[in-house]
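*Asks:* Now that you have both chains on their own, put them together as the hints suggest.
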Amino acid sequence: LTYITFFEFAKIVIHLHPAPENKEPGPYQHSKYSYIELSFKEHGQIEFYRRLTEEMTQKRWENTPVSQPIPTGPKAGRTRAVGIVGIERKLEEKRKETDKNISEAFEDLSKLMEKAKEMVELSKSIANKIKDKQGDITEDETIRFKSYLLSMGIANPVTRETHGSGTQYHIQLAKQLGDMLQAPLEERGGMMALTEVYCLVNRARGMELLSPEDLVNACKMFESLKLPLRLRVFDSGVMVVQLQSHSEEEMIASALDNVSDKGSLTAEEFAKLLGLSVLLAKERLLLAEKMGHLCRDDSVEGLRFYPNLF
Amino acid sequence: MSFEWPWQYNFPPFFTLQPNVDTRQKQLAAWCSLVLSYCRHQKLYTLDVLEAQESPVFNNKKIERKLSVEAIQVVFEELRKKGNLEWLDKNKSRCLIMWRRPEEWGKLIYQWVSKNGMVNSVFTLYELANGDDTEKEEFHGLEDWMLLRSLQALQAEGKAEIITMDDGKGVKFF
Numbered sequence: 001l002t003y004i005t006f007f008e009f010a011k012i013v014i015h016l017h018p019a020p021e022n023k024e025p026g027p028y029q030h031s032k033y034s035y036i037e038l039s040f041k042e043h044g045q046i047e048f049y050r051r052l053t054e055e056m057t058q059k060r061w062e063n064t065p066v067s068q069p070i071p072t073g074p075k076a077g078r079t080r081a082v083g084i085v086g087i088e089r090k091l092e093e094k095r096k097e098t099d100k101n102i103s104e105a106f107e108d109l110s111k112l113m114e115k116a117k118e119m120v121e122l123s124k125s126i127a128n129k130i131k132d133k134q135g136d137i138t139e140d141e142t143i144r145f146k147s148y149l150l151s152m153g154i155a156n157p158v159t160r161e162t163h164g165s166g167t168q169y170h171i172q173l174a175k176q177l178g179d180m181l182q183a184p185l186e187e188r189g190g191m192m193a194l195t196e197v198y199c200l201v202n203r204a205r206g207m208e209l210l211s212p213e214d215l216v217n218a219c220k221m222f223e224s225l226k227l228p229l230r231l232r233v234f235d236s237g238v239m240v241v242q243l244q245s246h247s248e249e250e251m252i253a254s255a256l257d258n259v260s261d262k263g264s265l266t267a268e269e270f271a272k273l274l275g276l277s278v279l280l281a282k283e284r285l286l287l288a289e290k291m292g293h294l295c296r297d298d299s300v301e302g303l304r305f306y307p308n309l310f
Numbered sequence: 001m002s003f004e005w006p007w008q009y010n011f012p013p014f015f016t017l018q019p020n021v022d023t024r025q026k027q028l029a030a031w032c033s034l035v036l037s038y039c040r041h042q043k044l045y046t047l048d049v050l051e052a053q054e055s056p057v058f059n060n061k062k063i064e065r066k067l068s069v070e071a072i073q074v075v076f077e078e079l080r081k082k083g084n085l086e087w088l089d090k091n092k093s094r095c096l097i098m099w100r101r102p103e104e105w106g107k108l109i110y111q112w113v114s115k116n117g118m119v120n121s122v123f124t125l126y127e128l129a130n131g132d133d134t135e136k137e138e139f140h141g142l143e144d145w146m147l148l149r150s151l152q153a154l155q156a157e158g159k160a161e162i163i164t165m166d167d168g169k170g171v172k173f174f
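Going line by line, the protein sequences match chains F and E.
Going by the UniProt record's numbering, the first sequence opens with residue 1, and the numbers climb by one from there.
Going by the UniProt record's numbering, the second sequence opens with residue 1, and the numbers climb by one from there.
Okay, chain E solo, but in the shape it has when bound (with noise of 0.2 Å):
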């Protein structure tokens, strides 16, 4: 399904960084949605600065506009505000994009693991995000970082418990 652009992303202003406060946060408010729900259509999990300049989402050819690098900066910083994005490096060049938070995605690995009555059950890592039992579910093919994290999450929650086995790691719902 190719994916949909919204309104804005047609709009030659969008790609200028508002001067106006209140124009500037409904703006960049537009650029955190669109920037997440492309990365969720790619299944895109990290960007690198430098070539999400090129990439369509901040560069749209048919207008002519592109945002400039402070502005993507500007984008990258309210994300990781919401949450929604972690920085890999301390040059902020590498970020990991969570168009889902890993609370967000317990909360639907949880969800399957109750409906099909596995609680108490243990997993390992590979069963969960790789086995043909999730084929279906959207956490299927989810990369090992956010997994783990999303189990961590759950874990705070007292809602599974990470176990470290032979060949990896492993986790217990409860």
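Isolated chain F (complex conformation) (with noise of 0.2 Å):
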């Protein structure tokens, strides 16, 4: 700054001196003009010069500590953070070390990913060895191979048509289920649907929770255990829990009756009819129909269930 000159109305001119080498860039990197221009259009400049001399003398901008936010070794030039450009760095830096704390966070994790990703590989290979060399291998060592692949979590890798997977957790299971599920089946005419039968179970038991896996597994041994209770799978995938002694023939043949006392029914009456969930009233409509007891009328109203008169 080398002097000051007032134009015309109240004009503040500052001159500048060509920048030093070591200094951090500002707004603009380049001007074709060496001076900066204040215009005061009704006044003020006055109070605003004094201020700027104060300013200028005091220079108490060079005497503000600056922070350094990483202490990695010192930048060529860097001496102080200032204005926009400061603030601007700042929020680059955190955003940097943020980057870094996560990575170093996920690294543990890649190394289980990988860790276990070869587990799974050696499995496999075992289960494949298993399979090709049957005979070699005895029963019981095959039997305590897959246990332990249970415990760790993978799922009969050599056949998945078996009932469940042998294990006496899930023999266990399936003869608490038995006992379990008597009253309740009873009171819901029979049938429940699995996913019921999973909030049921689960509401019940509070801690130690069954995986649907589990519980789907147990099912499967509901027949091989002779208890009074069977998975059924319809077609339409949904499945259910059963009271061995029901019939399915009565309940076709009492929903024909139903239908044919109220002339036509939905699915959502059936169910209040009954007193059955809506999955279940209508997987009891369709198989009727699929058994030429009742067919279909499909408008706009919705689906609804006739006697088959055809």
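I should point out that these hints are in silico values taken from the structure, not numbers from a laboratory.
Hints are supplied without guarantee of correctness; some may be wrong.
[As the list claims (entries may be wrong)] Calculated lysine to any residue pairs in the SDA-like style (CA-CA distance at most 20 Å, straight line):
1) E:Lys61 to F:Leu303
2) E:Lys66 to F:Gly302
3) F:Lys262 to E:Asn10
4) F:Lys290 to E:Arg24
5) F:Lys290 to E:Asp22
6) E:Lys66 to F:Val300
7) E:Lys61 to F:Gly302
8) E:Lys62 to E:Tyr9
9) E:Lys62 to F:Glu301
10) F:Lys32 to F:His15
11) F:Lys175 to F:Glu213
12) E:Lys26 to F:Pro307
13) F:Lys262 to F:His293
14) E:Lys62 to F:Gly263
15) E:Lys66 to E:Ser55
16) E:Lys26 to F:Leu309
17) F:Lys262 to E:Phe11
*Replies:* What follows is the structure, encoded as structure tokens:
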């Protein structure tokens, strides 16, 4: 700043030295002018001038301490962080640090994932060996091996169609379910969707909840354990648990009666009539249709079932 | 005489294509016979698929049910398989409805011809379908294309021969 001149109506012109070498970049890199002109329309120029000269004399900005956000090696030319540029820089540094923290945290996880992958590969290869050399490994060992795999969370790798997995856990669980579900099943007309069973059982257990897989595997064992329950899968894929004493033929015959009585029924109406869930009611109606006892009326009003008069 | 609708016509499931195979067969059989008897009653010989959707046959306003376009196509295909329907275009938008097959018409015509001792005579097609003599016969008013086919059927049986004359076609019965 060399001199200040006044022109016409209150203007302050600040002439600038060329920038010193180690100065940080400011808002503008280049300008064709070497001065800044401040224009005061009304007033205020006197006060402004006074304060400006004060500051220029004091050079307070040179005294502000500068904080170094990262204790990494000193960067050439980095002495202070001032103004907008300083803020931007701080944000950038913060972002880099967050990034680094996250990568460090996940490093362990990716190591774990690698190991797990190796384990799965290993178990697969062993399972294949078992399959190939069927005679060389005894039944006992196979069962033991399978149960080890299961305890690690890997389902039966050799065959998926066998009843459950044969472990003690599922056997015990099946027996427990057999006891537990008798009463609820009877209340609900002898049949419950597997999802209903899942909710019921886990709500009763409170702790040590069952996984869906465990439940299905246990249910698959009902028949082989000679328990009075059955796991049944409908065409649509819906799975239900039903009492062995429950006869679907009787159910269908009574469904036909119900529908004939009322002329026609929707799944919702039928569910209400019988106190069944809509899902099971629909399955029963569909089964009756499949057997030719009912026919359907599909319109904008919805799906209704009629006695098959054709 | 007003048309008598079959009981199925007022049964809502009749207008939904049944998924159960056995039920569907019975349903389609009922549809075929309904379409044919309706066309016979109205003396309809051709049908347009888009118009059909709005016709009372496929659209029962009283019970607010109508057969979907897909289902109509299925019914038509069934009729075609039975020999009662022929598509007039590749897009399957118009068809001929033969509520009586050409062979059946041919038989009726021949019966009339022989009953009246007119075997060995020659008739023009116009005389057969629109002549005063045939007024009481069922085949009176038969459309040309249908008449021709019926006579062709008789020709195949050796009972007639189609002749081309100056101003049209004629037929001689044997």
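*Asks:* Hint by hint, work out which the structure violates, then give me just those numbers in ascending order.
*Replies:* none
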